[in-house]
Structure formats: structure tokens, C-alpha cells
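*Asks:* Heads up: the sequence lines are chains G and W, in that order.
Heads up, the first sequence is in my numbering, so the first residue is 1 and it goes up one at a time.
Heads up, the second sequence is in my numbering, so the first residue is 1 and it goes up one at a time.
Don't take each hint at face value.
[As the list claims (entries may be wrong)] Facing chain W, from chain G, some residues (calculated, C-beta under 10 Å): (1) M13; (2) Q17; (3) W20; (4) M39; (5) W52; (6) P68; (7) T108.
Hints in this document: simulated from the structure, not taken from any laboratory.
Beta carbons are placed, not taken as given, at the ideal position from N, Cα and C, and that holds for glycine.
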Amino acid sequence: MGDDATTYVTDEMRQAQGKWGESRTAPPIAATDIRRWAMATYYPRQPPRVYWDAEYAAATPWGGIVAPPDFNPFAWLVERPRGGSPGLAGRRPDGKPLTGMNGGQTDTYGAPMRPGDVVTARSRLVDWWEREGRLGHTLYVRSEIEWRNHNDELVKTRFSIGIRY
Amino acid sequence: MSIRFDDVQVGDKLPAWSRKTGFAEWNRYAAVNEEFVPFHMDDEAGRRAGNEQGAFGMGNLRYAYIVNALHDWIGDAGIVREVGCQYRAINQKDDVLTVVGEVTEKAVENGEHRVRLDIDVVNQRGGATCPGHAVVVLP
Numbered sequence: 001m002g003d004d005a006t007t008y009v010t011d012e013m014r015q016a017q018g019k020w021g022e023s024r025t026a027p028p029i030a031a032t033d034i035r036r037w038a039m040a041t042y043y044p045r046q047p048p049r050v051y052w053d054a055e056y057a058a059a060t061p062w063g064g065i066v067a068p069p070d071f072n073p074f075a076w077l078v079e080r081p082r083g084g085s086p087g088l089a090g091r092r093p094d095g096k097p098l099t100g101m102n103g104g105q106t107d108t109y110g111a112p113m114r115p116g117d118v119v120t121a122r123s124r125l126v127d128w129w130e131r132e133g134r135l136g137h138t139l140y141v142r143s144e145i146e147w148r149n150h151n152d153e154l155v156k157t158r159f160s161i162g163i164r165y
Numbered sequence: 001m002s003i004r005f006d007d008v009q010v011g012d013k014l015p016a017w018s019r020k021t022g023f024a025e026w027n028r029y030a031a032v033n034e035e036f037v038p039f040h041m042d043d044e045a046g047r048r049a050g051n052e053q054g055a056f057g058m059g060n061l062r063y064a065y066i067v068n069a070l071h072d073w074i075g076d077a078g079i080v081r082e083v084g085c086q087y088r089a090i091n092q093k094d095d096v097l098t099v100v101g102e103v104t105e106k107a108v109e110n111g112e113h114r115v116r117l118d119i120d121v122v123n124q125r126g127g128a129t130c131p132g133h134a135v136v137v138l139p
């Protein structure tokens, strides 16, 4: 193990642990957003029709176009509120910026996202741990994110691991 | 076209789902997810982030590939209920990524016919990059 004195954990993290942060709301989902998402993630193949062909989708059990479950309506916000203090993502004692990477996630999906839906998200820090890795001292932060639609139906719960080194 | 719960057995394999990945795929994903992170766009930035081979792909794109492979297997009458994975290895330029999976459990829970799978995204060398699990609901 590394030097016990080395930690990237901040007081802001300790104070925020377990508390839901402010919620944020995405603009209404457009059919074009869904079509482009599906085209990008299926490229170079054609995406399934349920993601872009309204007539086809109406005849499926979904009853209309739905978004792929991993679709992100929070891309391309004009005003992007920063998630509280930058200290919530950890800090090096020497002040040099940390590099962040995505360590993984588990998403549980509820109501599907459809054109016209307005999704609101909130998140909180769950816990964290540190260890000496291939990239040096590394901080792992686990967060929980919850998305609900305008009918207050649960769309998604995500537990994700952020890596900072 | 959809598969049914009764058609699936423990041990069944997910049909392999592959994509060759590089800037054509990463840039499209960056554009829809607004994920313009320098180490996904620029070789020098990738090296600065610790990857000698340069720019590398997004974990979220591999996640999308898992979701897509599940959708293409279960069809429009199935539901992807849960997907989890860990990003263990880097997606290098020109990697051919293949989503693989195997059914580990069938159960009726909350009135849903649920099928659980172990899943992964393997590269052209057979390396596991993204071990995880998924739960789908079938008619």
C-alpha cells in the first residue's frame, strides 16, 4: 500500500456523502436526438426501426418510438451547471489536476424514454476508496444517479465508479 | 422478431455482436453524447493520459454496444432491465470489439420473466475489456 498520508479525498466529499445534490432537468427529448444516438451507437450498421421509424414503432409492444436505454438526454445542455464544488471529484495535495476515467456502472431501467419526455436527474456520492495502481495513487468514487420523467416515473438508477489519478 | 422466455436455456450464448472501433465510431459517439474529452480525440492527449498508443475509446460506447447486442438478441418485445460492467482494459484504435454473453439464470420476479446473463466485450486478441452482467425481460 502507499503512503498513508496521501489522500485525494476532500472535506467537500465527506460533507456531501449520501446527500442528494440539486436536481437538473434536460430539454424535452426529440425524435431526432434518439435517431442520431442510435445511428452513432450502431454505426456503420442501420439501427433498429423502433428507434427511428414512427409507423413501425407504433406496431411494436412499445407503441411508438423509444430511446435506446443508454440514451443520454443531458448531452448538449446550453447551460451546464457544474456539479457543486470541483472538490467533490477529489483533489491532489499538490494541486495538480486529476485525470478522470470511467470505471464502470450498473444501470437499472424503468420507464422507457420517448420523444417529448422531460427527464430530471439527481445524484449523490455513495462512498469511495483509494489504492496504489498502475497509474499511481488512485481514487475510486461511487455515485448514485436517479432519473425520473415528467410523470415522476423512474427511468433509470445508475451506480457508477469514477476513477481519479 | 423476438425470442421468448421459454426458448431460452441457461448456458445459451448471446449472438456475437461486433464493431471495429476508431475515430469514425468515437467521434460519432462524442457528437451524440457531447463527450469531447481530449484523450478520446487526440493521440498526444491519449499518451499524456497514460496510454502509449494514443487516443482511446469511450467506456460509454462499449456500454452502448452491450445494450445494442442485447436489443438485437431479444427484439422489440423484450426489455433491457439492467446492465452493469467494469471498464478493465482500454479500447485501442482499430480494435474489433465483440459483445459476448451467456445466460446464467432464469427467474420470474415482480411478475416479469427475467433472464440474467454474464456479459463482456472482448477485443480481437480475446482480451476481456468489460466484464459485467445484464438482465432482460422476455415475453
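*Asks:* Does each hint fit the structure? Answer for all of them.
*Replies:* Cross-check of the supplied hints:
For M13 (chain G), the interface hint is violated, the least distance from its beta-carbon to any beta-carbon of chain W being 22 Å, above 10 Å. The interface hint given for Q17 (chain G) is broken, as the beta carbon of that residue sits about 22 Å from the closest beta carbon of chain W, more than 10 Å. Given hint, W20 (chain G) at the interface with chain W, is violated; its Cβ is 22 Å from that chain's nearest Cβ, farther than 10 Å. The beta carbon of M39 (chain G) is positioned within 10 Å of a beta carbon in chain W (closest approach about 7 Å), and the interface hint is therefore held.
Interface hint status for W52 (chain G): violated, as the beta-carbon distance to the closest one in chain W is roughly 13 Å, over 10 Å. Because the beta carbon of P68 (chain G) sits about 6 Å from the nearest beta carbon in chain W, less than 10 Å, this interface hint is met. At its closest, the beta carbon of T108 (chain G) sits 5 Å from a beta carbon of chain W; the interface hint therefore holds under the 10 Å criterion.
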